[in-house]
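Which chain is which? The protein sequence lines are D and G, in order.
Numbering follows the UniProt record's numbering, in which position 210 of the first sequence is assigned residue number 210; successive positions increment by one, without gaps.
Numbering follows the UniProt record's numbering, in which position 104 of the second sequence is assigned residue number 104; successive positions increment by one, without gaps.
Keep in mind the hints are simulated off the structure, nothing from the lab.
Don't take each hint at face value.
To be verified - Quick list of in silico lysine-lysine cross-link-like pairs, PhoX-like style, CA-CA up to 20 angstroms: (1) Lys-32(G) to Lys-202(G); (2) Lys-114(G) to Lys-161(D); (3) Lys-161(D) to Lys-74(G); (4) Lys-202(G) to Lys-232(G); (5) Lys-63(G) to Lys-214(G); (6) Lys-17(G) to Lys-214(G).
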Amino acid sequence: MMDFWIILTGTLVAATCGILGCFLVLRKMAMVGDAISHSVLPGIAIAFLLGGSRDSVLMLFGAAVLGLITVVLIQLLQRSGLQSDASIGIVFTALFAIGVILISRNAQHIDLDLDCVLFGEIAYVPWDSLIWNGYNLGPVAIWMLGGTFLIVLITIALFYKQFKICAFDPALAAALGIPVALFHYLLMGLVSLSTVASFESVGAILVVGMLIVPAATAYLLTDRLGLMLLYSVIIGAISSTGGYYMAKLFDASIAGSMITVCGILFVLTFLFSPSHGLISRWTKRQQMRGGNLNQVI
Amino acid sequence: MGIYPLEVDNLTVAYQKKPVLSSVSFRIPSGKLIGVLGPNGAGKSTMLKAVLGLIPTVGGSVKIFGQSYKESRKKVGYVPQRESVDWDFPTNALDVVMMGRYGHLGWFRRPGAKERRIAMECLAKVGMADFAGRQISQLSGGQQQRVFLARALAQNATLYFMDEPFAGVDATTEKAIISLLHELREQGKTVLVVHHDLSTVKEYFDEVVLLNGKLVAAGSTEETFTTANLQKTYGGRIAMLQDVTNASDRSDEAEVSGESSPRRSKTARRAGKAGKSSMTNAADGVDIPDEAEGADVPLGAVSRT
Ligand SMILES: Nc1ncnc2c1ncn2[C@@H]1O[C@H](COP(=O)(O)OP(=O)(O)OP(=O)(O)O)[C@@H](O)[C@H]1O
Ligand SMILES: [Mg+2]
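Excised from the complex, chain D in its bound form (with noise of 0.2 angstroms):
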């Protein structure tokens, strides 16, 4: 049973991740998501503070305010002049490092370590149960990574034609009527919302792996945005399995193995991709240079 709870909270955390990170990634907003896993550090520790203990709907709202003032701030500086990349770069360095300090100055009052934060700890899921009337319902991670997954999956689902419209062409978007900068926040809000329910798990760093990774090796799968999201909830899940069974296998970080299998997946991926992959693209120039080289003789 242990190894189940840990097996689906890795893909839970994967699931939700790489379905937003689809749309960060063709957006081309990938490090934008890198920034609000970040950024989200002094939310949570606020929110410790002011709670006094690790409640994680107080968490949760605490990152996502925090991931939504990222997001504004990114935008506010690229609108006075500043590159993208440098925007994202200040703000999110800025506000992770308030957040190590708000965290290691209130070490003693709180139970919360910074390495935890970082880089989570998915091993002790299955421990902390969520009881109610006497009953033991299951880890509490599985219950609130399971209602993430359940926001993201119906949030897209019903505005699936907006995000996708969004992402590809936002003047169109604009111009039909779409509101595309509430649509853009929701986007934001849900991967605040989704790193903060992942980073007990999986950590604040490899929930980045987990935002990116799946995205970027379904991407190379195919040509269709509803196979691509698919695919990326698929390699979640390998991901999360393999990764699982490694780290028993070579004793190591539950999180890191998982990613280390999605990178794993995405190298496969980007050699021998039937459509993207370098090798087919290589044989299929071969081909064609035979086939001109033919055609001469």
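We have chain D already, so just place chain G with the ligands on it with the hints.
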């Protein structure tokens, strides 16, 4: 009629304080094909975006069929510059065309069989029916442009804005697109096209809007597309320009006056036009040899290709 498809009044647009368009005012009559002309950076794309409410304006107003853009949105179709989107996006031609229908679907309805049918029809109209399932990055530039056009058709608008629909397309595709635009005009629709090739202006457009940071001139092609206005729009490169304005006159007048000399001054043309009914007048006009502008201009040097 009273109501114009598009009325722009004192429109001023700035990016970061630097004004790109200042106090642009013009009106567009209904059922016409209008060319928007101007050098690179003149603010043509900016004007379209401002009219469509995609970028904030500093001042002025835009009326579409007498209403704000918000109220008349469904009557407007838009073809952005082709390079404004990422063609590696994982989607196919049919899907892109269906996006033109999203404005008619509301918040929650998904595109269904009806939208597919409309999108297929529009793809067929631009000769792209066979490419419906093709991933968009595997289309040529001209094919991508046609997909964009089909998407605008799917919007089923009465007023269209097209940003350089002829950019990077071959002669055949250009012909196909222009006949499509004429078809739209026949249906009483108004089409505003950002255009760069001056040699085809007289042939394609009923009206022109000349822009260069401000409005240089707007009106019927006949009256507005003149050497003087083009000089104001494009600056000093008059040698080529005058040839362009003369280009189609030349053939007109050749019919009228039976005279085909390419060397022709502005006054000569005016004389020729005024005297369209009288061959002698036109011939007389041509005889004026010492035109200040015409004298140093190597007319006929640039051929229409
Ligand atoms: N997003 C932007 N931020 C700042 N300046 C901009 C922006 N977009 C355009 N400009 C500037 O505004 C001016 C007008 O640009 P615009 O794209 O409207 O020109 P255009 O007439 O469409 O040119 P082209 O023929 O090259 O398409 C240019 O000087 C350009 O540098
Ligand atoms: Mg332009």
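Do the hints match the structure? See the list:
1. Lys-32(G) to Lys-202(G): The hint holds at about 13 angstroms.
2. Lys-114(G) to Lys-161(D): holds (16 angstroms)
3. Lys-161(D) to Lys-74(G): The given pair, whose Cα atoms are some 18 angstroms apart, holds under the 20 angstroms limit.
4. Lys-202(G) to Lys-232(G): Holds, at roughly 18 angstroms.
5. Lys-63(G) to Lys-214(G): holds (19 angstroms)
6. Lys-17(G) to Lys-214(G): holds (16 angstroms)
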